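Asks: Residues per chain are reported as follows:
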Amino acid sequence: MRIFSTFVFHRRQQIFNLRQFQTTTILRNPISIAPIQIPMDATEQSLRQSLSEKSSSVEAQGNAVRALKASRAAKPEIDAAIEQLNKLKLEKSTVEKELQSIISSSGNGSLNREAFRKAVVNTLERRLFYIPSFKIYSGVAGLFDYGPPGCAIKSNVLSFWRQHFILEENMLEVDCPCVTPEVVLKASGHVDKFTDLMVKDEKTGTCYRADHLLKDYCTEKLEKDLTISAEKAAELKDVLAVMEDFSPEQLGAKIREYGITAPDTKNPLSDPYPFNLMFQTSIGPSGLIPGYMRPETAQGIFVNFKDLYYYNGKKLPFAAAQIGQAFRNEISPRQGLLRVREFTLAEIEHFVDPENKSHPKFSDVAKLEFLMFPREEQMSGQSAKKLCLGEAVAKGTVNNETLGYFIGRVYLFLTRLGIDKERLRFRQHLANEMAHYAADCWDAEIESSYGWIECVGIADRSAYDLRAHSDKSGTPLVAEEKFAEPKEVEKLVITPVKKELGLAFKGNQKNVVESLEAMNEEEAMEMKATLESKGEVEFYVCTLKKSVNIKKNMVSISKEKKKEHQRVFTPSVIEPSFGIGRIIYCLYEHCFSTRPSKAGDEQLNLFRFPPLVAPIKCTVFPLVQNQQFEEVAKVISKELASVGISHKIDITGTSIGKRYARTDELGVPFAITVDSDTSVTIRERDSKDQVRVTLKEAASVVSSVSEGKMTWQDVWATFPHHSSAAADE
Amino acid sequence: MWLILSSGVCSISLLSKSTVTSPDYLIKDCAVKSNVLSFWRQCGRTTCLRIIAPDTKNTLTRHFCEGLVLLQWEEISLCCCSNWSTFRNEISHRQGLLRVCEFTLAEIEHFVDPGNKSHPKFSDVANFEFLMFPREEQMSGQSAKKLCLGEVVAKGTVNKETVGYFIARVYLFLVRLGTDKEQLRFRQHFANEMARYAADCLDAEFESSYGWIECVGIADRSAFDLRAHSVGKVALWLREISRT
Numbered sequence: 001m002r003i004f005s006t007f008v009f010h011r012r013q014q015i016f017n018l019r020q021f022q023t024t025t026i027l028r029n030p031i032s033i034a035p036i037q038i039p040m041d042a043t044e045q046s047l048r049q050s051l052s053e054k055s056s057s058v059e060a061q062g063n064a065v066r067a068l069k070a071s072r073a074a075k076p077e078i079d080a081a082i083e084q085l086n087k088l089k090l091e092k093s094t095v096e097k098e099l100q101s102i103i104s105s106s107g108n109g110s111l112n113r114e115a116f117r118k119a120v121v122n123t124l125e126r127r128l129f130y131i132p133s134f135k136i137y138s139g140v141a142g143l144f145d146y147g148p149p150g151c152a153i154k155s156n157v158l159s160f161w162r163q164h165f166i167l168e169e170n171m172l173e174v175d176c177p178c179v180t181p182e183v184v185l186k187a188s189g190h191v192d193k194f195t196d197l198m199v200k201d202e203k204t205g206t207c208y209r210a211d212h213l214l215k216d217y218c219t220e221k222l223e224k225d226l227t228i229s230a231e232k233a234a235e236l237k238d239v240l241a242v243m244e245d246f247s248p249e250q251l252g253a254k255i256r257e258y259g260i261t262a263p264d265t266k267n268p269l270s271d272p273y274p275f276n277l278m279f280q281t282s283i284g285p286s287g288l289i290p291g292y293m294r295p296e297t298a299q300g301i302f303v304n305f306k307d308l309y310y311y312n313g314k315k316l317p318f319a320a321a322q323i324g325q326a327f328r329n330e331i332s333p334r335q336g337l338l339r340v341r342e343f344t345l346a347e348i349e350h351f352v353d354p355e356n357k358s359h360p361k362f363s364d365v366a367k368l369e370f371l372m373f374p375r376e377e378q379m380s381g382q383s384a385k386k387l388c389l390g391e392a393v394a395k396g397t398v399n400n401e402t403l404g405y406f407i408g409r410v411y412l413f414l415t416r417l418g419i420d421k422e423r424l425r426f427r428q429h430l431a432n433e434m435a436h437y438a439a440d441c442w443d444a445e446i447e448s449s450y451g452w453i454e455c456v457g458i459a460d461r462s463a464y465d466l467r468a469h470s471d472k473s474g475t476p477l478v479a480e481e482k483f484a485e486p487k488e489v490e491k492l493v494i495t496p497v498k499k500e501l502g503l504a505f506k507g508n509q510k511n512v513v514e515s516l517e518a519m520n521e522e523e524a525m526e527m528k529a530t531l532e533s534k535g536e537v538e539f540y541v542c543t544l545k546k547s548v549n550i551k552k553n554m555v556s557i558s559k560e561k562k563k564e565h566q567r568v569f570t571p572s573v574i575e576p577s578f579g580i581g582r583i584i585y586c587l588y589e590h591c592f593s594t595r596p597s598k599a600g601d602e603q604l605n606l607f608r609f610p611p612l613v614a615p616i617k618c619t620v621f622p623l624v625q626n627q628q629f630e631e632v633a634k635v636i637s638k639e640l641a642s643v644g645i646s647h648k649i650d651i652t653g654t655s656i657g658k659r660y661a662r663t664d665e666l667g668v669p670f671a672i673t674v675d676s677d678t679s680v681t682i683r684e685r686d687s688k689d690q691v692r693v694t695l696k697e698a699a700s701v702v703s704s705v706s707e708g709k710m711t712w713q714d715v716w717a718t719f720p721h722h723s724s725a726a727a728d729e
Numbered sequence: 001m002w003l004i005l006s007s008g009v010c011s012i013s014l015l016s017k018s019t020v021t022s023p024d025y026l027i028k029d030c031a032v033k034s035n036v037l038s039f040w041r042q043c044g045r046t047t048c049l050r051i052i053a054p055d056t057k058n059t060l061t062r063h064f065c066e067g068l069v070l071l072q073w074e075e076i077s078l079c080c081c082s083n084w085s086t087f088r089n090e091i092s093h094r095q096g097l098l099r100v101c102e103f104t105l106a107e108i109e110h111f112v113d114p115g116n117k118s119h120p121k122f123s124d125v126a127n128f129e130f131l132m133f134p135r136e137e138q139m140s141g142q143s144a145k146k147l148c149l150g151e152v153v154a155k156g157t158v159n160k161e162t163v164g165y166f167i168a169r170v171y172l173f174l175v176r177l178g179t180d181k182e183q184l185r186f187r188q189h190f191a192n193e194m195a196r197y198a199a200d201c202l203d204a205e206f207e208s209s210y211g212w213i214e215c216v217g218i219a220d221r222s223a224f225d226l227r228a229h230s231v232g233k234v235a236l237w238l239r240e241i242s243r244t
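From first to last, the protein sequence lines are chains A and H. Quick note: the first sequence, position 60, residue 60 per full-length UniProt numbering, numbers continuous. Quick note: the second sequence, position 210, residue 210 per full-length UniProt numbering, numbers continuous.
Source of the hints: derived by calculation from the structure; they are not laboratory data. Only a predicted model underlies this, so the values are computations on that prediction, with no experimental measurement involved. Cβ coordinates follow ideal geometry from the N, Cα and C atoms, glycine included. Don't take every hint at face value.
[Stated by the list, open to error] In silico SDA-like cross-links for lysine to any residue, where the CA-CA straight-line distance does not exceed 25 angstroms: (1) A:Lys314 / A:Ser462; (2) A:Lys367 / A:Glu639; (3) H:Lys33 / A:Ser462; (4) A:Lys634 / H:Leu174; (5) A:Lys638 / H:Arg227; (6) A:Lys638 / H:Ser38; (7) A:Lys546 / A:Glu522; (8) A:Lys135 / H:Ala31; (9) H:Lys33 / A:Phe116; (10) A:Lys638 / H:Ser118; (11) A:Lys634 / H:Phe122; (12) A:Lys638 / H:Ala31; (13) H:Lys33 / A:Glu231; (14) H:Lys33 / A:Lys499; (15) A:Lys499 / A:Leu531; (16) A:Lys361 / A:Ile323; (17) H:Lys33 / A:Glu391; (18) A:Lys306 / H:Ser38; (19) H:Lys121 / A:Glu639; (20) A:Lys491 / A:Lys367; (21) A:Lys357 / A:Gly252; (22) A:Lys135 / H:Lys155; (23) A:Lys357 / A:Glu391; (24) H:Lys155 / H:Ala126; (25) A:Lys638 / H:Lys155.
[Unchecked claim] Stretch by stretch, here's where chain H covers chain A in the computed footprint (C-beta under 8 angstroms, at least three residues): (26) 220-232; (27) 272-285.
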């Protein structure tokens with residue numbers, strides 16, 4: 001008999017939000033900017049101040065009592081002083097409890113969360129939703145196998161993803177290799193910048209992520225050390241908010257300042273240095289073609305943009321999509337299924353004219369209301385709030401309609417899967433969190449026992465990616481817009497005189513020519529004016545890293561009027577990027593619950609998966625082991641198979657209640673129980689309600705309700721109800 | 001009840017030849033691939049394992065032990081199947097899409113009692129006739145010929161009913177996809193082509209402009225894999241549980 005501790009998990013009101021910083025799929029901004037101050041909640045601040053004052057008072061009064069005793073004062077006087085001391089201690093204790101309560105209720109109650117997580121993870125592993133990879137060989141951190149139910153859920157999630165996004169928007173799905181040549185990832189910036197900062201235990205050589213150590217230190221201090229001052233607490237919260245931007249030197253300085261040591265050994269740590277997270281390999285035996293296992297699936301789409309654009313009839317906007325594996329050689333994976341070394345991404349690259357980011361279907365999602373957490377509210381220390389998407393776009397909180405459209409579609413996707421909408425928010429990235437080329441970025445964050453987890457990134461990446469690959473590959477990744485009428489435009493024309501430049505600069509002529517041609521209009525017109533007035537000008541050539549002297553006869557600059565029939569531009573990209581494994585893990589947590597057995601002696605686990613994602617839609621039970629009932633069960637099984645409903649037959653002799661409990665623990669929504677050869681009962685998992693249907697109806701009813709054509713309420717209203725005293729253990 | 005020291009494994013590998021490092025599946029090819037895999041999963045009508053580890057086959061074998069605890073009320077024959085990318089650092093790529101560094105495999109490991117390799121659904125497929133190329137016919141320089149599966153198993157040309165069952169299911173799968181049945185044959189491996197532990201092995205070969213191409217391998221691997229992983233660690237054996 002298994003006894004699980006009674007556990008109730010519920011979401012508490014957020015008083016102050018601290019973002020759980022995670023590595024994102026977007027390259028982090030390499031430009032350092034000033035730290036952003038996020039004010040501490042006024043209540044917490046005043047309580048910390050008050051606690052500090054109370055501590056001082058208690059200490060002073062304690063000293064007074066000792067002084068009185070030392071001077072052999074009269075007993076009544078000493079007693080009065082002691083009474084005052086006790087009163088102050090009581091006041092201090094009250095403030096301490098209040099502060100502790102606020103800290104706990106601000107979402108950092110880690111003890112309850114850990115107990116809940118343990119219950120979920122134990123059930124998932126025991127029922128083989130997933131297991132650590134290579135377990136019989138002791139396993140490898142950060143690699144996991146999905147078992148039969150986990151694999152089925154993932155398959156269902158991906159099927160629905162294809163339906164919700166690819167089919168709905170006629171997206172062009174591609175399937176690109178995981179092994180990627182270095183040149184591609186050089187252009188995308190991953191070779192140079194896809195790093196986390198790592199520190200080493202100076203004695204054992206064990207590696208840790210530097211930012212995690214600092215974050216753990218700050219979080220633990222804030223949660224567990226009630227004696228720190230209000231100023232100290234504010235400082236720690238500031239550090240948590242801005243550490244994403246710390247340079248290696250800044251991070252190292254903080255680690256030294258706080259005296260942070262290696263968690264397991266307390267040994268000193270090395271200075272932080274960048275560690276590239278990509279798995280490296282070489283393609284072919286020669287080693288001459290370096291490659292990496294791709295860190296994201298997007299690059300495969302970008303490099304194929306030209307062919308996709310032509311395939312799409314040279315029309316914008318259009319979207320390409322890819323589902324595939326991505327790889328990250330995490331320094332130290334933790335958080336179970338949320339931070340892994342190999343994971344599944346589903347990414348969309350929606351290519352759009354940068355001058356027109358409206359979306360024809362935006363009105364379909366404009367009325368949606370859900371938790372959003374704009375930049376301003378984060379900066380001012382407020383919480384996420386329910387906002388209307390249409391208004392958020394109209395006010396400019398969300399940068400454009402296309403971005404808003406995808407935010408709305410992601411919301412619909414996640415809630416349809418079974419994610420609790422009260423524990424789902426869309427958080428806007430702060431300016432310092434966005435890559436320098438991004439116009440706007442929102443994350444769908446789902447609350448779990450690990451805190452708020454970023455599961456989907458929805459970014460407007462402007463034209464950075466296509467430009468980067470255009471430049472490096474030499475293939476222009478551009479789109480064209482034909483004008484209805486030819487337009488007369490004034491165009492800058494820069495014509496270097498190669499003969500004169502060759503005479504003057506010899507071997508460097510090419511660099512000078514390229515730099516001259518690269519001038520923008522303002523620079524060019526300024527040079528033209530200077531040449532006309534002075535006959536020569538100093539001109540900086542960045543590829544030579546020096547200024548050169550340009551004479552009037554070396555270049556001609558003018559403006560010409562031309563008729564243009566089309567505009568050539570680099571499209572912008574709106575990129576929703578889904579971490580499928582994270583979504584699935586959060587789904588497990590959101591669908592998990594317990595309820596007492598009928599005897600009341602234990603808590604039974606169940607997963608309340610919507611039928612859409614449930615790994616098995618139906619279990620068929622002969623009530624007792626009996627040839628006749630087993631034959632009926634097989635007939636029903638064949639019918640379920642013929643309508644494509646995944647199901648299982650359980651013909652063991654275990655009690656029906658125990659079998660129901662077992663099937664609930666897998667999240668199977670419906671159970672058909674064969675207790676006669678003319679009719680059967682159908683039980684619904686969440687309500688335990690049962691209805692009686694004829695043999696002929698059984699498969700079609702389960703099929704309809706599994707596929708969402710009928711609701712259980714419809715079934716309940718249509719068929720005779722059945723109650724069973726023996727059922728449900 | 002008795003102890004069985006090991007289980008036999010009947011392994012089927014469906015090689016979906018895929019990209020070299022540059023070409024990608026685009027649009028229609030991607031949709032075709034998705035449809036093939038979707039149909040494959042439905043044909044198997046077995047639960048699917050999602051493998052995250054780079055090597056698909058070995059991971060499946062390890063599920064045997066854990067799976068038994070969970071699935072002890074299931075029939076003794078149980079199947080696991082998986083699909084996803086596999087990688088081989090080929091020395092030199094030729095034959096376009098047929099020999100690539102990264103390709104998609106769909107594999108099934110059917111665990112069975114080595115003392116009983118009959119299959120309850122073999123009668124569903126026993127009457128099938130298709131091009132087969134047994135070892136003897138290859139040795140004597142003949143061609144593939146149309147043979148009846150039931151007879152082939154009865155005569156012992158194909159080692160066991162379970163192997164025969166999967167041969168037929170593969171045949172149905174490939175023909176259903178649109179493969180020309182006149183350009184599809186099942187060729188038996190020579191003794192020198194088989195790993196020493198294999199009891200029997202047949203390939204589904206397609207005729208293409210590159211010649212006859214092996215696309216599906218159907219092997220009776222006896223108990224090699226589970227024994228190899230058992231050494232020194234978790235015992236991967238099965239005790240028959242009588243239902244009372």
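Asks: May I ask which of the numbered hints given earlier this structure violates, with the numbers listed in increasing order?
Replies: Those not satisfied are hints 2, 3, 4, 5, 8, 9, 12, 13, 14, 17, 18, 20, 21, 22, 25 and 26.
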